[in-house]
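**Q** Chain by chain, the residues run as shown.
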Amino acid sequence: MRLLLGSLFALATAALIGLSATWFALNEGIAYGGITIGAWTAWPKNGTPGIDPYARAMVARSGELPVGSGDGVTFYARADDAAHPLDGRCDVALSGTTPQARFWTLTLYDPEGRLVANSVQRHGFTSQEIIRSAQGNFEITIGPQARPGNWLPTGGIDRYLLALRLYDTPVGLATRSGRDTPMPSINQKSCP
Amino acid sequence: MHLSTVLLLPTMATQDAYSRLTPFTPVNKVVPVPAPSPDKATMPFMDPAFAMAVCRYDLTDAPLKFSVPISQAYTSVSFYTRADIAYYAINDRAAGRRVIELDLMTPDQHNDLPDNEEITAADRLIVESPTNTGLIVIKALAAEPGLLASAQNLLTSAKCQPQPQ
Chain A
0 MRLLLGSLFA LATAALIGLS ATWFALNEGI AYGGITIGAW TAWPKNGTPG IDPYARAMVA
60 RSGELPVGSG DGVTFYARAD DAAHPLDGRC DVALSGTTPQ ARFWTLTLYD PEGRLVANSV
120 QRHGFTSQEI IRSAQGNFEI TIGPQARPGN WLPTGGIDRY LLALRLYDTP VGLATRSGRD
180 TPMPSINQKS CP
Chain B
0 MHLSTVLLLP TMATQDAYSR LTPFTPVNKV VPVPAPSPDK ATMPFMDPAF AMAVCRYDLT
60 DAPLKFSVPI SQAYTSVSFY TRADIAYYAI NDRAAGRRVI ELDLMTPDQH NDLPDNEEIT
120 AADRLIVESP TNTGLIVIKA LAAEPGLLAS AQNLLTSAKC QPQPQ
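Residue numbers (numbering that gives the first Met the number 0), protein chains in the order written: chain A, 0 to 191; chain B, 0 to 164.
Calculated directly from the structure, the hints in this document are not laboratory data. We put the CB at the ideal spot given by N, CA and C, even for glycine. Hints may contain errors.
[Unchecked claim] What follows is a set of in silico ranges between Cβ atoms, one per label pair, in the way DEER data are often shown:
{"hint": "1", "chain 1": "B", "residue 1": "Thr130", "chain 2": "A", "residue 2": "Ser189", "range": "47 to 53 Å"}
{"hint": "2", "chain 1": "A", "residue 1": "Thr40", "chain 2": "B", "residue 2": "Pro144", "range": "52 to 58 Å"}
{"hint": "3", "chain 1": "A", "residue 1": "Ile129", "chain 2": "B", "residue 2": "Asp38", "range": "36 to 42 Å"}
{"hint": "4", "chain 1": "A", "residue 1": "Arg77", "chain 2": "B", "residue 2": "Pro113", "range": "50 to 56 Å"}
{"hint": "5", "chain 1": "A", "residue 1": "Arg77", "chain 2": "B", "residue 2": "Lys28", "range": "37 to 43 Å"}
{"hint": "6", "chain 1": "A", "residue 1": "Ala11", "chain 2": "B", "residue 2": "Lys158", "range": "54 to 60 Å"}
{"hint": "7", "chain 1": "A", "residue 1": "Ser94", "chain 2": "B", "residue 2": "Ser156", "range": "38 to 44 Å"}
{"hint": "8", "chain 1": "A", "residue 1": "Pro110", "chain 2": "B", "residue 2": "Pro144", "range": "39 to 45 Å"}
Generate the whole structure from the sequences, applying the supplied hints.
**A** Below you can see the structure in the form of structure tokens.
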């Protein structure tokens with residue numbers, strides 16, 4: 000009897016640990032083969048038949064369609080360069096340049112991948128509509144209050160994430176480091 | 000337990016992209032996907048700068064002929080299996096013409112093609128689908144929000160039609 004109870008307990012514990020591991024892996028976005036450059040991470044393999052089982056499960060659960068590798072690649076940022084989680088009540092500056100690509104888009108989402116409601120109905124920028132300096136650099140202010148120049152509203156939500164999508168780009172499976180792929184820096188400026 | 004749930008989850012998911020699109024996409028027809036808004040989006044993480052249309056295909060009876068005219072900015076066509084795995088994508092520059100045109104078929108249908116037909120149509124792009132069913136996702140970039148309507152309009156000219164052999 001004791002042996003039976005012991006075995007049942009062991010099995011139940013194992014099942015619980017296994018299920019929590021799945022839950023944790025799928026919610027925290029753990030997947031193999033990611034490229035991290037500064038605050039940004041991309042999983043170019045997710046746009047190919049070589050997508051790993053974790054990423055497959057994540058995609059099936061969230062209901063998204065990963066960008067195909069012949070189309071482009073998506074970089075996500077959930078925190079700034081100093082690892083502060085992105086907070087919609089703060090002012091955050093996104094500045095610098097982007098890797099080589101014919102077009103790029105920057106989009107702000109809530110953690111579930113929904114667009115965020117705001118007064119000017121702006122959810123992102125494309126590379127065509129951004130205001131740049133004479134040197135070709137740009138700065139986008141991300142925050143709850145309207146700002147002159149490139150302002151991306153957060154709607155004041157407490158957590159958000161940014162997606163930078165590069166279309167028709169050499170960045171992809173073969174990209175290893177940030178040396179040839181300059182990603183914009185993300186810096187938290189002020190928080191209430 | 001961990002391994003089996005990770006491996007089984009994709010086959011049991013009912014809210015994956017294919018299932019979300021199924022209710023409003025008849026088979027072998029190009030259908031526009033509404034632009035995402037904060038209240039409503041067909042799928043999470045959609046790029047709001049793009050007009051999108053989908054052809055949910057079934058190659059069981061015949062291969063498919065697909066075409067879409069390219070937009071001023073950027074147009075791409077991506078192919079997904081029934082399990083939402085991207086297996087091929089092409090953009091307007093890679094297509095090198097004013098129209099992206101291709102034939103979608105299963106490996107068996109490709110093998111059945113008469114030899115001479117393949118020679119006469121040497122410049123015809125053939126894409127092999129690893130599964131009988133799947134999705135063709137057509138996207139046209141609206142470089143600024145004011146151009147979204149014309150990008151959506153362009154996608155209404157996209158066609159996917161079964162081609163009996």
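**Q** Does the structure break any of the earlier hints, and which numbers would those be?
**A** Hints 2, 3 and 8 not satisfied by this model.
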